[in-house]
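J.: Please arrange chain B on chain A, whose structure you already have, making use of the hints.
As you go down the protein sequences, you meet chains A and B in turn. Under my numbering, think of the first position of the first sequence as 24, with each following residue one higher. Under my numbering, think of the first position of the second sequence as 5, with each following residue one higher.
Calculated directly from the structure, the hints in this document are not laboratory data. Owing to the predicted nature of the structure, the values given are computational and were not obtained by experimental measurement. Just so it is clear, CB atoms sit at the ideal spot from N, CA and C, and this is done for glycine as well. Any given hint might turn out to be false.
[Stated by the list, open to error] Between beta-carbon pairs, the in silico distance windows are:
no., chain 1, residue 1, chain 2, residue 2, range
1, B, Gly365, A, Ser182, 17 to 25 Å
2, B, Asp266, A, Asn183, 27 to 35 Å
3, A, Ser182, B, Ala119, 52 to 60 Å
4, B, Ala224, A, Ala110, 52 to 60 Å
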Amino acid sequence: MKRLTSLVTIAVALSLTAGCANRRTPDQLPPEPGTGDAVDTTGDQDGTVSGTPLPGSRGDFLQAVGQYGDRILFGFDSYEIDAEDRATLDAQASWLARNPSVRVTIEGHADERGTREYNLALGDRRANAARAYLESRGVASGRMQVISWGKERPAVPESNESAWAQNRRAVTVVPE
Amino acid sequence: MRNIHALIAAALALLLAPSAQAQTQPDPAGTPAGQPGEAEDPDNLVVDVTGGRQAALPIAVPYMPTPAAAATPAGNTEALGRQVAEIVAADLRNSGLFAPIGPGGLRPTAFAQVAAPDYPYFSASGAQNLVQGFVQANPDGRLTVGCYLYDVAAQSQLTREGFVVSPRDWRRAAHRCADTIFARLTGEGAYFDTRIVYVSETGPARRRIKRLAIMDYDGANHRFLTNGQWTVLTPRFAPNQQTITYMTYQDERPRVMVYEIDSGQSRPLVSSPHMTFAPRYSPDSRHIIFSMAVNGNTDVYRVPVSGGTPQRLTNAPGIDTGGSYSPDGSRIVFESDRGGSQQLYVMNADSSDQRRISFGGGGYATPVWSPRGDLIAFTRTGGFRIGVMRPDGGGERILTGGGYAEGPSWAPNGRAVMFTRGASAGQLWYVDVASGATRQVPTPLGGSDPAWSPLRD
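Same shape as in the complex, but just chain A (with noise of 0.2 Å):
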């Protein structure tokens, strides 16, 4: 199962490096040379399996929210959430709605610039966060889980502001 998830994000990695990486703007997800999404083993997206992706897959997910829907950024240290990622959260409460028998796992994650074991919490703190937000627009607290990577799992694996931006996150993972 992991080797077969394993093998279509590789699939879909090259598919969006051939077709749809002029789309990106430059501060999302550079991917890293030579490495880059192929084996990531967090819930990261990266994009959508082509053809009409099954009702309630994950496919379907980042169609309706769209590419970079599954997420939302935080300021440095910090586990607010603002106007754009209500909005963000907003439309993956509505794609929740329409498919009630969904689980989601929402991933907290924290940039570098914390010691391991604080970002761990920081991290818990941005899931829930998160998770919260959607309870509060209707979706049910038992189809949340909530995981925190802390610095262990970036987006972005480099040192500087724009990485570190996108890697303040928590993103709902849906099942594939």
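T.: Then chain B, alone, in the frame of chain A:
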């Protein structure tokens, strides 16, 4: 065996008294120890127990002979004699307090000379002290490593010990010889016969493979404890060395585990749907304090190593984590952002009397109480430096220079602190607390989250 050593040590103590004084006298080379301007090269400087500077002590370590060459599972005793001398010299050099002469370039010791050194020869080499010894294969298959320390100027024996080990532990005998010499000449506790448990790292940052690994303090006898399938973090040795606690993402349920060193089995510390992390043992090895994140709020808890219902120790809103016991078990230092930024707090072990002890800008994290009780090491989070302060918050000193550093762990003698250097591709380093001299610990891959073991039994 320890008892016999104690007896020998006691018997020798009488002989040692006069030469102990010789220690503090000017070295034969002419420059009185501790004079300002003596040598500004940090590599040649050490700081003694009281904080004063003195030159690294020149100590001769010639190759060690064997009374009879014999093959053992660890190699021929002649080769072992050379290797033991090399390890002793390396340990002493690693401490920063000694400038070993040899073993290469020195005349190898003949077996008959082990207890009757050629003092004029070693005096001419510039050595103040001399380590000699031998490696002997015993009829029962074990090895005896003899270890003798001499004062060259006074022409007297300072101490001697014999270590009987199974061949696979031959390196330990060398470390214990170095420990004996270090303790005798510095008055400090020993720390060479120790191990490091840490997180071995490889692969790109987005899918970093992290495995629990264990090795001798000098990087030898390295082995992996987990296979890398799941991310693992922040291991710690139990003071009794029977278990290691660490955090794992096994089954994507981040939580604290307890690993039994003898059986190789791991089990969750507590049963909880919430993330548990940042585990540390109590000094009596009976409890573990750890952090648990419940709906975004993290607090410090305590539970017996065998498990059970955790007792909550902090209840401020926010992140309370990184608890570490004082060596007498009476107090706990931890980090909290209850005041707005990450700062260090000390409380009684029953959670009463929580007091902030750090007040600097940028924040403080990962406090660890020295085994001597006199200092708390921490990560200064603004620039990611390792520092120390007294338990009352006074006397703060930063120990590491430029470059990202995080996660200190004390050597059992409280002299040195090991830590992670590098934000993404980590390496293990340690710093001598008195002198600030740093040294990298070799690891086969990247490394992070080192934890220093107590002195081995």
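J.: All hints are to be evaluated individually against the structure, with a verdict given for each.
T.: Here is what the structure says about each hint:
1. Gly365(B) / Ser182(A): 17 to 25 Å: holds, 22 Å
2. Asp266(B) / Asn183(A): 27 to 35 Å: Violated: the Cβ-Cβ distance is about 47 Å, outside 27 to 35 Å.
3. Ser182(A) / Ala119(B): 52 to 60 Å: Hint holds: Cβ distance 58 Å, inside 52 to 60 Å.
4. Ala224(B) / Ala110(A): 52 to 60 Å: Taking Cβ atoms as reference, Ala224(B) and Ala110(A) lie about 57 Å apart, which means the hint holds.
Violated hints amount to a single one, hint 2; each of the other numbered hints is respected by the structure.
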